[in-house]
Amino acid sequence: MKLKIICALLLFILQGCFQYSPYEARLLEHEKNIHQKSLQRIKALPITDTICFAFVGDPQRFYDATYSAVASINQQPDVLFTICAGDITDFGLVMEYQAMLQIFSFLTMPFFSVVGNHDLLYNGDFVYQTMFGPFNFYFDYSGFRFVFVNTNSREFNFNGKVPDISFLESCLSDTTKYQSAVIIAHVPPGNNDFDERLNTLYIQTLLNSPKVVLHLNGHNHDFSQYEWKNSNRTINCYNSYSVDKRRYLKIKIWHNHRNPSASISVEHISF
Amino acid sequence: MTKKQQTVKYLSILLTFLTATTMGAKAKIVPDFFHLQFAGDIGMISAGAGYQTSSKKTHVSFLMGFVPKTYIDFENNLVTLNIAATYQPLMLYFRDVKMAFKPLILGSGISVSLGETYQRYNTPNYPKGYYWWPTNSRIIVTVGQSISVFQPSRTISQIDLYSQLATNDLALYSYSVNTIVKMRHIFHFSFGAKIFIDFPKTHKIT
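Going line by line, the protein sequences match chains A and B. Per numbering that gives the first Met the number 0, the very first residue in the first sequence carries number 0; after that it's consecutive. Per numbering that gives the first Met the number 0, the very first residue in the second sequence carries number 0; after that it's consecutive.
Simulated from the structure, these hints should not be mistaken for laboratory data. No residue lacks a Cβ here, since even glycine has one placed at the ideal position from N, Cα and C. Wrong hints could be hidden among the right ones.
What the hints assert, rightly or not - Listed below are several chain B residues computed to face chain A (Cβ distance under 10 Å; list not exhaustive):
id, residue
1, S11
2, I41
3, T69
4, Y86
5, Y129
6, I155
7, S156
8, N167
9, F186
To be verified - Subject to a maximum C-alpha distance of 27 Å in a straight line, what follows is the list of computed DSS-like cross-link-like pairs (lysine-lysine):
id, chain 1, residue 1, chain 2, residue 2
10, A, K31, A, K1
11, A, K31, B, K127
12, B, K127, A, K160
13, A, K251, A, K210
14, A, K244, B, K181
15, B, K68, A, K244
Stated by the list, open to error - Output of the computed footprint for chain B on chain A, the stretches with three or more beta carbons under 8 Å from beta carbons of chain B:
id, region
16, 20 to 29
17, 198 to 204
18, 214 to 228
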């Protein structure tokens, strides 16, 4: 009997040392619901006029560089939270999700990551949702609405539902609840991996929402800056550096009632 | 996939496996050993059969692995088909007991995970070479050791009990391009048994 208990205990302890498959998804409690946990920390922050956050992209397999990026972000005195533009894994494997989470856990601040195409490989969609939360979500802080949207159309066979335009419309529609909105996605419209039938509709939806001031994306592994315009307004767009470029963006946004599109400043930080 | 479709899928895989084994037995390509493994990147439990070269230094196994859906995505169980080869250059015999120790076993194998989740990257949805690594199969690399017990019973001529550390090609790649990824992060423990059966020779009834 004693032997049976010892064997069972040993097997239980050694569980962590076994890997049944590269695709297995056995996450521990502290590796689940990351966005919910980050949101609790955001709610505890004081209301502010100016929000400053770090914007990194496509950590994928660049563990060394990500570790250095985290150390650099921690040294920025005014950064309140970090947003990742997606592709935190290379192959969508749970081992990678866990490793990246461990590195990002060294951040002294809350952390959010939109879902990237590499994160959806194999059973990565399940792992992402278990670890972080829903693909499409938003949170409010100090009058700003941060909207995270899944734009990895190819991984969903261009089924017309990714990106979810109705989600965008519904979370941007209650304009009394927020003053400005920031959209974060992985694949930008116009890219081959973005559903081309939804290109115009996506941009139009955002331009028609008068409070959207900023659109952030990753996927292209290098910085770029562009604008979407219609007759009355402009949305500023930024593509993140990938972490292996040893640079990230420090973005400050503040409410500017006279000129909404001027209320952004972007600093490039090397590490 | 509906439960019915899943049942049909598993039954047909099992039927194929049994047919192949029976045909192999009839054609006298009888496997040298039956193979069972726990973990090791090819399944929670894997089972199959294998062959041994005349020098006894090389084994090749054909295995089917299984991971229940609780550990995958709560929707589909994972079934893998695997070919595993091991090379064991040294066999150290114990003096008085009918046992031997193989201190170094180097292994490698190919593991194919069945199902749309793992095989969809060859469809027209993805241009050729979209993802740069071989998406449909994994290369498994193992290093281990084993203890062989000889003639534990009349029909079993040998049992090899082995433990090994296993990893896969993608983990090895991540290891190779980063300094903070260490061997201990990518190798995982696994163990198994190879059971060598002495099939009784057919007797002519005179």
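Quick rundown of the hints versus the structure:
{"no.": "1", "hint": "S11", "result": "22 Å, violated"}
{"no.": "2", "hint": "I41", "result": "7 Å, holds"}
{"no.": "3", "hint": "T69", "result": "9 Å, holds"}
{"no.": "4", "hint": "Y86", "result": "22 Å, violated"}
{"no.": "5", "hint": "Y129", "result": "8 Å, holds"}
{"no.": "6", "hint": "I155", "result": "23 Å, violated"}
{"no.": "7", "hint": "S156", "result": "27 Å, violated"}
{"no.": "8", "hint": "N167", "result": "5 Å, holds"}
{"no.": "9", "hint": "F186", "result": "9 Å, holds"}
{"no.": "10", "hint": "A:K31 - A:K1", "result": "35 Å, violated"}
{"no.": "11", "hint": "A:K31 - B:K127", "result": "35 Å, violated"}
{"no.": "12", "hint": "B:K127 - A:K160", "result": "24 Å, holds"}
{"no.": "13", "hint": "A:K251 - A:K210", "result": "16 Å, holds"}
{"no.": "14", "hint": "A:K244 - B:K181", "result": "23 Å, holds"}
{"no.": "15", "hint": "B:K68 - A:K244", "result": "38 Å, violated"}
{"no.": "16", "hint": "20 to 29", "result": "holds (count 6)"}
{"no.": "17", "hint": "198 to 204", "result": "violated (count 0)"}
{"no.": "18", "hint": "214 to 228", "result": "violated (count 0)"}
Consistency note: the structure conflicts with the earlier hints numbered 1, 4, 6, 7, 10, 11, 15, 17 and 18.
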